[in-house]
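2 protein chains.
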Amino acid sequence: MGATKTEHFTEKQNDIAILAKALGHPARIAIIDYLLKVDTCICGDIVNELPLAQPTISQHLKELKNAGLIKGTIEGTSVCYCIDEKVLEKFQNYFIKISNRLEKKKNNCCKL
Amino acid sequence: MGATKTEHFTEKQNDIAILAKALGHPARIAIIDYLLKVDTCICGDIVNELPLAQPTISQHLKELKNAGLIKGTIEGTSVCYCIDEKVLEKFQNYFIKISNRLEKKKNNCCKL
DNA sequence: TTATTATATTGCAATATTACGATAAATAAT
DNA sequence: ATTATTTATCGTAATATTGCAATATAATAA
Numbered sequence: 099m100g101a102t103k104t105e106h107f108t109e110k111q112n113d114i115a116i117l118a119k120a121l122g123h124p125a126r127i128a129i130i131d132y133l134l135k136v137d138t139c140i141c142g143d144i145v146n147e148l149p150l151a152q153p154t155i156s157q158h159l160k161e162l163k164n165a166g167l168i169k170g171t172i173e174g175t176s177v178c179y180c181i182d183e184k185v186l187e188k189f190q191n192y193f194i195k196i197s198n199r200l201e202k203k204k205n206n207c208c209k210l
Numbered sequence: 099m100g101a102t103k104t105e106h107f108t109e110k111q112n113d114i115a116i117l118a119k120a121l122g123h124p125a126r127i128a129i130i131d132y133l134l135k136v137d138t139c140i141c142g143d144i145v146n147e148l149p150l151a152q153p154t155i156s157q158h159l160k161e162l163k164n165a166g167l168i169k170g171t172i173e174g175t176s177v178c179y180c181i182d183e184k185v186l187e188k189f190q191n192y193f194i195k196i197s198n199r200l201e202k203k204k205n206n207c208c209k210l
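Chains A and B are the protein sequences, given in the same order. Using the numbering used here, you'd call the opening residue of the first sequence number 99 and step up by one each time. Using the numbering used here, you'd call the opening residue of the second sequence number 99 and step up by one each time.
Just so you know, these hints were derived from the structure itself, not from any lab. Note that CB positions come from ideal geometry on N, CA and C, so glycine has one too. Hints should not be assumed to be uniformly reliable.
As the list claims (entries may be wrong) - Quick look at which bits of chain A chain B covers, simulated, 3 or more residues with Cβ under 8 Å:
no.	segment
1	119-131
2	161-168
3	180-186
4	191-201
Unchecked claim - Simulated DEER-style distance windows between Cβ atoms:
no.	chain 1	residue 1	chain 2	residue 2	range
5	B	Pro153	A	Val145	38 to 46 Å
6	A	Lys163	B	Asp143	33 to 41 Å
7	B	Thr175	A	Ser197	47 to 55 Å
8	A	Glu109	B	Pro153	43 to 51 Å
9	B	Gly142	A	Pro153	43 to 51 Å
10	A	Thr171	B	Ala101	15 to 23 Å
11	B	Glu201	A	Tyr132	12 to 20 Å
12	B	Glu147	A	Gly100	19 to 27 Å
13	A	Ser156	B	Lys135	34 to 42 Å
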């Protein structure tokens, strides 16, 4: 036990869950926020922005990278990270779908 | 160590992270999917739908409830769960903001 | 009252995540 | 070549999550 039973769910469900999970930590939201704030897509000064040690941030960046939410290109000694719009769009589309479905139902749910 | 350093991040960042985290498991995505599928927003047959034991599902429901994504109203012996649109909207708004920001940048990011 | 049914809670084992110091690897500067 | 700079990886401790059997709770039915 303890491990998620991934194989019992659909690919779509797992895909969305992986993206959501990657965003499920304030440090990683802060990283995304920072990447959006800085105009010239930024590299390693994220370490100076966040109140976490360098290895910890490196780990969070890796998780965002694994989920496909950001990409990193090496530039000399530093790495330039930026948001992958396509993957973020995919995630957004999921919520658009949900919204559409909820609108159809017109909130005729229970007694809320 | 081991625990998330919540206090170091903004309230907004924590809010979004909590919502994302709640959706960061395929079973919980499956629950949301099911609640959307069933017209008469349904209760405990989620247990029959998902390949998980009843206590496990109860726990996942609790997490969705804690995050504010769903609400449960007692109806006799059973409980009627449904999606809370407001909270979901809040989450969606975050992505709309991101999209807008990314559009401004026009993808002039690194060499991607 | 005594089942029955539906959901929640408890307790626990297995696994995953978070965080960081120490260290490695790789490039740039001297 | 040596030294700094930047990022990644390893190892490890603390904590959290996942999943379920057993049990509790609460409302209904007999």
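Right, here's what the structure says about each hint:
1. 119-131: holds (count 12)
2. 161-168: violated (count 0)
3. 180-186: Since three or more residues must qualify, the claim that chain B covers the segment 180-186 of chain A holds, with 5 doing so at under 8 Å.
4. 191-201: holds (count 6)
5. Pro153/B x Val145/A: 38 to 46 Å: At 42 Å between Cβs, range holds.
6. Lys163/A x Asp143/B: 33 to 41 Å: 39 Å Cβ-Cβ, so the 33 to 41 Å window holds.
7. Thr175/B x Ser197/A: 47 to 55 Å: The hint (47 to 55 Å, Cβ to Cβ) is violated, given that threonine 175/B and serine 197/A are roughly 32 Å apart.
8. Glu109/A x Pro153/B: 43 to 51 Å: Once the Cβ atoms are compared, 26 Å apart, the range 43 to 51 Å for proline 153/B and glutamate 109/A is violated.
9. Gly142/B x Pro153/A: 43 to 51 Å: 45 Å, holds
10. Thr171/A x Ala101/B: 15 to 23 Å: With Cβ atoms ~33 Å apart, the hint is violated.
11. Glu201/B x Tyr132/A: 12 to 20 Å: Hint holds: Cβ distance 18 Å, inside 12 to 20 Å.
12. Glu147/B x Gly100/A: 19 to 27 Å: Since glutamate 147/B and glycine 100/A have Cβ atoms about 23 Å apart, the given range 19 to 27 Å holds.
13. Ser156/A x Lys135/B: 34 to 42 Å: 41 Å, holds
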